[in-house]
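2 protein chains.
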Amino acid sequence: MTELLKGKPVADRITIEIAEKAENLKASGVVPTLAIVRLGKEPGDISYEKGAVKRAAEAGVEVKSLVFDRDMTQEDLIAEIEKLNEEDSVHGVLIFRPLPKHIDEKAVCEVLDPAKDIDGITSGSLAGIFMDSDVGFPPCTAAACIEMLDHYGYDLKGKKVTVMGRSLVIGKPVVMMAMRRNATVTICHSRTTAEDFAAAGSNADIVIAAVGKARMITEDMLGEGQVIIDVGINMDENGKLCGDVDFDRENPDEGIGAHAAAITPVPAGVGSVTTAVLMKHVINAAEKAADRV
Amino acid sequence: MTELLKGKPVADRITIEIAEKAENLKASGVVPTLAIVRLGKEPGDISYEKGAVKRAAEAGVEVKSLVFDRDMTQEDLIAEIEKLNEEDSVHGVLIFRPLPKHIDEKAVCEVLDPAKDIDGITSGSLAGIFMDSDVGFPPCTAAACIEMLDHYGYDLKGKKVTVMGRSLVIGKPVVMMAMRRNATVTICHSRTTAEDFAAAGSNADIVIAAVGKARMITEDMLGEGQVIIDVGINMDENGKLCGDVDFDRENPDEGIGAHAAAITPVPAGVGSVTTAVLMKHVINAAEKAADRV
Chain A
1 MTELLKGKPV ADRITIEIAE KAENLKASGV VPTLAIVRLG KEPGDISYEK
51 GAVKRAAEAG VEVKSLVFDR DMTQEDLIAE IEKLNEEDSV HGVLIFRPLP
101 KHIDEKAVCE VLDPAKDIDG ITSGSLAGIF MDSDVGFPPC TAAACIEMLD
151 HYGYDLKGKK VTVMGRSLVI GKPVVMMAMR RNATVTICHS RTTAEDFAAA
201 GSNADIVIAA VGKARMITED MLGEGQVIID VGINMDENGK LCGDVDFDRE
251 NPDEGIGAHA AAITPVPAGV GSVTTAVLMK HVINAAEKAA DRV
Chain B
1 MTELLKGKPV ADRITIEIAE KAENLKASGV VPTLAIVRLG KEPGDISYEK
51 GAVKRAAEAG VEVKSLVFDR DMTQEDLIAE IEKLNEEDSV HGVLIFRPLP
101 KHIDEKAVCE VLDPAKDIDG ITSGSLAGIF MDSDVGFPPC TAAACIEMLD
151 HYGYDLKGKK VTVMGRSLVI GKPVVMMAMR RNATVTICHS RTTAEDFAAA
201 GSNADIVIAA VGKARMITED MLGEGQVIID VGINMDENGK LCGDVDFDRE
251 NPDEGIGAHA AAITPVPAGV GSVTTAVLMK HVINAAEKAA DRV
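For the record, the sequence lines run as chains A and B.
For the first sequence, my numbering assigns the number 1 to the initial residue and increments by one for each residue that follows.
For the second sequence, my numbering assigns the number 1 to the initial residue and increments by one for each residue that follows.
Calculated from the structure, these hints are not laboratory results.
None of these values were measured; they are calculated from a predicted model.
Some hints here could point you the wrong way.
Just so you know, same-sequence chains aren't split out, so a pair can sit in one copy or run between any two.
[What the hints assert, rightly or not] In the DMTMM-like style, the derived pairs of lysine to aspartate or glutamate whose C-alpha atoms are separated by at most 25 Å in a straight line are: (1) Lys106 / Asp132; (2) Lys101 / Asp155; (3) Lys26 / Asp69; (4) Lys21 / Glu62; (5) Lys106 / Asp291; (6) Lys106 / Glu287; (7) Lys288 / Asp104; (8) Lys101 / Asp134.
Given the sequences, and given the hints that come with them, work out the whole structure.
Right, dumping it as structure tokens:
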């Protein structure tokens, strides 16, 4: 029977670890602080913010919510981010995206100081990932995949990892992070032939699925005894939340469940770890800032 | 019989193409100019510079050689690079590396304006490669691999490319460039198990070998009908120049030569293309600078 790799124990453990670090920071006069920048009241943003605020409270991170009108100008938004860059009391900045269409998202992201970029949206952070330097932070969801594997004791060294999807938010950074941990990595994507996709999937020790398509990864694309990290959060045709992997949680001994050694469920898998990773990045940013003083 | 993919025709074609562009630039008052920064008289640097100067003359690129003492201070070197950043008449800057040990190479590289970074040494250039943006330029040798494949008509789309080696100068940027061209990419390195290394090598349509070890890639690590790009430039035990791939140029129908569809020789392969790529980057940088005016 496949092992369900749930996110909650991972998030809880990270939270306990960073709460202690937050205490130490506060004892030395630093209150680790996350600024959240939200334009309008998009339901997805509000729901994520709610979870982040709760997690922050558990972790001992102060949250500063900045809510602006959705028709705010790009110039004004950039000015606000520049202010946050300057503010020593703010260690991390989360900007909800996608931004409204009248705003050049890339231009706005680039304004953020990579040292405060706790979700890997600046080129500074992404260069850091690519170059293995300690500038900036990887996107939280990408980091959450690695946290999951670490927590459940799956060492990547010398393992074959297949990453499905090549986005800048998950696929590409996960490739770099897995390589840094000495995995042999294969990257499949929408232009990979069906045959190669299935071969790369079946052949891996660890599969990280981040294609963003409901249940696209089917049994024939996977192998025996694998660890499967499902990053997808999709709605299926019945309006039910599901992953990229065609795993039936109700019947975990059938289909993919009968072959996989372990799999992250959707929901309650990788997605449950992202806010804890976000707070971990804020704490790290606060520690680095304190070291610089 | 395997096809020898020689570098000279590729370099010559690129040179003709860019010489035309250089003419156009000059007609509009812009003289494409490369500044070469060299500390001391390292034989490798001088030999490369000689080749670059010759290629520049053919391509219509002006070269400005800046030669400093090898015991120059880091501060002075940084000041020189800052001057080159400011100088509108200089479009690209090549800094010979490794720099002497008393200089923090990374710190020096970071000073260079990514717009003039025609050999992919700044984090700005590397972020550009990672993010598929048009900031900076990839390292010339990485770009030369792709130029070779393009020139000889090997389309990467949907192909399985195995990259051997994960350096920041070749492996990682080549992975990104191959992925951009819609290849399915596998990256092997020193921590890949022997079995996985051989499987990834044998299984590929195109192999890019950049491990930096003389003749390390042997027949058993490769497959049938492959295109092999050998980036290595090593000395073998007899002091003879050789690649990373154990291909015997004297007996091209034996060993790897009997199985590969095509292979780049060493010398006279990828290495012969790098100075042409360097000049191509200078011309591109000059064009971009002219567009900005």
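Can you give the numbers of the hints that this structure goes against, from lowest to highest? 2, 3
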